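**Student:** Each chain, letter by letter, is given below.
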Amino acid sequence: MERDRGLSYRSYESGMWAWILQRGTGVILVGYLFLHLALLSAATAPGRPGAALNRVLAVFRNPLVLYLDLVLIAVVLLHAFNGIRLIVLDLGYGFLRQKGLFLGAMAFSGVLLLGAAWRLLA
Amino acid sequence: MEHFSAGSAAPTFAWIVARLQHPVFLVVDVLFLAVVLFHGLNGLGSVILDLGMPPRYGRSLSAGLWLLGAASFVLGLDIILPLAGYPAWFYW
Numbered sequence: 002m003e004r005d006r007g008l009s010y011r012s013y014e015s016g017m018w019a020w021i022l023q024r025g026t027g028v029i030l031v032g033y034l035f036l037h038l039a040l041l042s043a044a045t046a047p048g049r050p051g052a053a054l055n056r057v058l059a060v061f062r063n064p065l066v067l068y069l070d071l072v073l074i075a076v077v078l079l080h081a082f083n084g085i086r087l088i089v090l091d092l093g094y095g096f097l098r099q100k101g102l103f104l105g106a107m108a109f110s111g112v113l114l115l116g117a118a119w120r121l122l123a
Numbered sequence: 047m048e049h050f051s052a053g054s055a056a057p058t059f060a061w062i063v064a065r066l067q068h069p070v071f072l073v074v075d076v077l078f079l080a081v082v083l084f085h086g087l088n089g090l091g092s093v094i095l096d097l098g099m100p101p102r103y104g105r106s107l108s109a110g111l112w113l114l115g116a117a118s119f120v121l122g123l124d125i126i127l128p129l130a131g132y133p134a135w136f137y138w
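If you're matching them up, the sequences are chains G and R in order.
Here the first sequence is numbered in the working numbering, starting from 2 and rising by one per residue.
Here the second sequence is numbered in the working numbering, starting from 47 and rising by one per residue.
Bear in mind the hints are in silico, worked out from the structure with no lab data behind them.
Among the hints, a few may not be true.
Said to hold, decoys possible - In silico lysine to any residue, SDA-like type, Cα no more than 25 Å apart, as pairs:
id: 1; chain 1: G; residue 1: K100; chain 2: G; residue 2: L78
id: 2; chain 1: G; residue 1: K100; chain 2: G; residue 2: N83
id: 3; chain 1: G; residue 1: K100; chain 2: R; residue 2: G89
id: 4; chain 1: G; residue 1: K100; chain 2: R; residue 2: V93
id: 5; chain 1: G; residue 1: K100; chain 2: G; residue 2: G25
id: 6; chain 1: G; residue 1: K100; chain 2: G; residue 2: T26
Unchecked claim - If you anchor each label on the Cβ, the simulated ranges turn out as follows:
id: 7; chain 1: G; residue 1: L40; chain 2: R; residue 2: A64; range: 15 to 23 Å
id: 8; chain 1: G; residue 1: A52; chain 2: R; residue 2: A117; range: 23 to 31 Å
id: 9; chain 1: R; residue 1: A117; chain 2: G; residue 2: K100; range: 35 to 43 Å
Quick caveat, the model's predicted, so the values are computed rather than measured.
Glycine included, C-beta positions come from ideal geometry on N, C-alpha and C.
When you get a sec, could you build the whole thing from the sequences and use the hints?
**Tutor:** Below you can see the structure in the form of structure tokens.
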């Protein structure tokens, strides 16, 4: 249907948000993947081995970059645990408890994110 | 994971090279690159199809994504292998 273009799953319950979340974080992560490859290509620059790469990596001393890194970790955790929820569902378990599984995945991501923040920003 | 092992210290070239000396990390890195490229581009393909691309272009889309994935994988190897100690193929 022309009306449904771009939104193959339209029921406005939490399941749809879970699907949007998975897709949105996935697209973001693909974008980050190519950014990551572009940044690390500094390792191939001619000259003293590692000089260009160290200059690029030095950006991690900037606290703003550390916060952006935390955002990236959040995106990865959300996508990963939502994905594990999908695997569990595909294996046939928890069909009647999908909402609980989704909220559990989000909560677990939040807990790990707090751990990451403590480790990274301390 | 890399950002954790180094703590809040910035990663450096030496740290990366030291990590890649262990064959486990090298194998995991290369496999991870291949798998994440496949998984990510596959997902991108689904998104593009959902956004209403006419199905008759499906083969071209698939071929384009495979090409993008293969090229990215080769470029990724060109980053990883020299860091692990193997000679570089080309500079870009």
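**Student:** Compare the structure with the hints numbered earlier in the document and write down the numbers of the violated ones, lowest to highest.
**Tutor:** Nothing - there is no hint that the structure violates, so all of them hold.
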